[in-house]
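Trainee: The primary structure of each chain is shown beneath.
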Amino acid sequence: MTGLNFVGAGLIVIGAGLGIGKIGGSAMDAIARQPEASGKIQTAMLIAAALIEGIGFAALFAA
Amino acid sequence: MSTTKQTFEIYSLKKYRKYILVLKYNSIHLHKILETKNYKCKMFKKTLFFISLITLFFTVKTTAQHDQTKEHEVTHVTPQDTHSTEHSTKKLSFKDQIKADINHHLLDSHSFDFTHDKENHKYYGFPLPVILWDNGIHFFMSSKLKHGEDVAESNGNYYKLYHSKIYKTDAQGTINYEEGAKYPSNISPLDFSITKSVFMIMLVGLLMFLLFGGLAKSYKSNGMIAKGAGRFFEPIILYVRDEIAIPNIGQKHYKKYMSFLLTVFFFIWFLNLLGLTPLGVNVTGNFTVTAALAIMVYLITTFTAKKDYWMHILWMPGVPVILRPVLALIELLGTIIKPFSLMIRLYANIMAGHVVLMSIIGLMFIFKSWIGSPLSFGLAFLLSLLELLVAALQAYIFTMLSALYFGAASEEHEHEEAH
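Protein chains in written order, with the working numbering: chain A, 2 to 64; chain B, 1117 to 1535.
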């Protein structure tokens, strides 16, 4: 089972993609509800996305 | 003392107000200009110039690599030299050549090479000093190492560059391998040399010093508004202060940390941008550089932390006493893991971006068809645009998270038992 490294890498990407997608989706909903807060929501969305991507990359190195 | 502080606050606010007035005047003026055709023409020319500059930039990057591979196919094999190790100058396959070029862009090296031609032993660039500590300081220029093909002699010791690392050898330059080991068993001395990354860090530091020092000094003679290039940086500095520092650290203590936050933001941003140029410098995509930045963040949070910070980590109020030691251990680990994640995030983002970009450019030479190469070029171009965004974003994220940690360290509030 030498190729399991790549299966792990694929799983990591799925996890990160789902997480960031969910955040992006709820950010869209929030902006739709209250367009004047879009600046703050955008900032928070970027921060959360960067954090999740950090975990993703850290795990990608282990795999 | 408090009156001077007060006057300083009013003084800085005054500067801010003037800036807003200037902005209002400019925007009104701009509106009138927008209606004239002259402005549209100028704007169009400016955007055209900018786009052509970007494409020229990236074509230069790709042609620099293209020249090497072209010459590789034309020239014949050079004779092997007597100090031959495993990687002597025999004809490399195409894929290995591309891998070597990618490594040249991603890894650090002891001399600053803009481009090289391994087959003809031609290197365009300049050598950097090599400083070794091996029972005494050895100092020589890296041209003595001759890019890994010759043995450098210094004070009776012989050193050879092998796979970008300096090893101590004998006069013949033999590299010894133990049985089945991955790395040679020669000793390698402590390496303090000025490599490419160190040189770029010093250069960027000098650039930032001159740039922002000049900007700060110019305020006096310009009546408290920024002129010229300062007009680009002032909103960014104010953004770092008003959107990153003050919300996270609080109005009382943010001034202590402002210098570090500003430095780190511009340092990472400029280094990321320089990594995208054809120079082949990849400073932030290097574990050690990001580790140094993360260590500095850790030291600052540890040594400027208030009592409340340690209370929250070690003996948190509002938690049953039995659980407190367990949570204290986890929180202590957390203090180390947070800067560690800062390091990994910056390193991985930049390194991954460069690897993918270089691989796609290399793909352009593997697809020798009429459709594959332009498509790869287009993809490389789009990815480079994304990399520009990532450069600024990573700098912003690093600064924001550092501000968050500083804010957690320096916050003080009264709390009851049930927090």
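No lab work stands behind these hints: they were computed from the structure.
Be a bit skeptical, because a hint or two may be false.
Said to hold, decoys possible - Some, not all, of what chain B presents toward chain A, calculated at C-beta under 10 Å:
no.: 1; residue: Ile1460
no.: 2; residue: Ala1464
no.: 3; residue: Leu1509
no.: 4; residue: Gln1510
no.: 5; residue: Ile1513
no.: 6; residue: Leu1520
Unchecked claim - Calculated pairs, DSBU-like style, for lysine-lysine (alpha carbon to alpha carbon, straight line, at most 30 Å):
no.: 7; chain 1: B; residue 1: Lys1298; chain 2: B; residue 2: Lys1211
no.: 8; chain 1: B; residue 1: Lys1281; chain 2: A; residue 2: Lys41
no.: 9; chain 1: B; residue 1: Lys1422; chain 2: A; residue 2: Lys41
no.: 10; chain 1: B; residue 1: Lys1298; chain 2: B; residue 2: Lys1215
no.: 11; chain 1: A; residue 1: Lys41; chain 2: B; residue 2: Lys1215
no.: 12; chain 1: A; residue 1: Lys41; chain 2: B; residue 2: Lys1211
no.: 13; chain 1: B; residue 1: Lys1454; chain 2: B; residue 2: Lys1423
no.: 14; chain 1: B; residue 1: Lys1298; chain 2: A; residue 2: Lys41
no.: 15; chain 1: B; residue 1: Lys1372; chain 2: B; residue 2: Lys1333
no.: 16; chain 1: B; residue 1: Lys1211; chain 2: A; residue 2: Lys23
no.: 17; chain 1: B; residue 1: Lys1336; chain 2: B; residue 2: Lys1372
no.: 18; chain 1: B; residue 1: Lys1284; chain 2: B; residue 2: Lys1260
Since we're looking at a predicted model, the values are computed, not measured.
Every residue, glycine too, gets a C-beta built ideally from N, C-alpha and C.
Trainee: For every hint, state whether the structure bears it out.
Mentor: Comparing the hints with the structure gives:
1. Ile1460: holds, 5 Å
2. Ala1464: Hint on B/Ala1464: holds, closest Cβ of chain A at ~3 Å, below 10 Å.
3. Leu1509: For B/Leu1509, the interface hint holds, since the closest Cβ of chain A sits about 7 Å away, which is under 10 Å.
4. Gln1510: Because about 8 Å separates B/Gln1510 from the closest Cβ in chain A, which is inside the 10 Å limit, the hint holds.
5. Ile1513: holds, 4 Å
6. Leu1520: holds, 9 Å
7. B/Lys1298 - B/Lys1211: Holds: B/Lys1298 and B/Lys1211 sit about 22 Å apart, inside 30 Å.
8. B/Lys1281 - A/Lys41: violated, 48 Å
9. B/Lys1422 - A/Lys41: Given that 30 Å is the threshold and the Cα spacing comes to 29 Å, the pair holds.
10. B/Lys1298 - B/Lys1215: It holds: about 19 Å lies between the C-alpha atoms, which stays within 30 Å.
11. A/Lys41 - B/Lys1215: Given pair A/Lys41, B/Lys1215 is violated - Cα atoms ~43 Å apart, limit 30 Å.
12. A/Lys41 - B/Lys1211: violated, 47 Å
13. B/Lys1454 - B/Lys1423: holds, 20 Å
14. B/Lys1298 - A/Lys41: violated, 51 Å
15. B/Lys1372 - B/Lys1333: Given pair B/Lys1372, B/Lys1333 holds - Cα atoms ~21 Å apart, limit 30 Å.
16. B/Lys1211 - A/Lys23: violated, 40 Å
17. B/Lys1336 - B/Lys1372: holds, 23 Å
18. B/Lys1284 - B/Lys1260: holds, 14 Å
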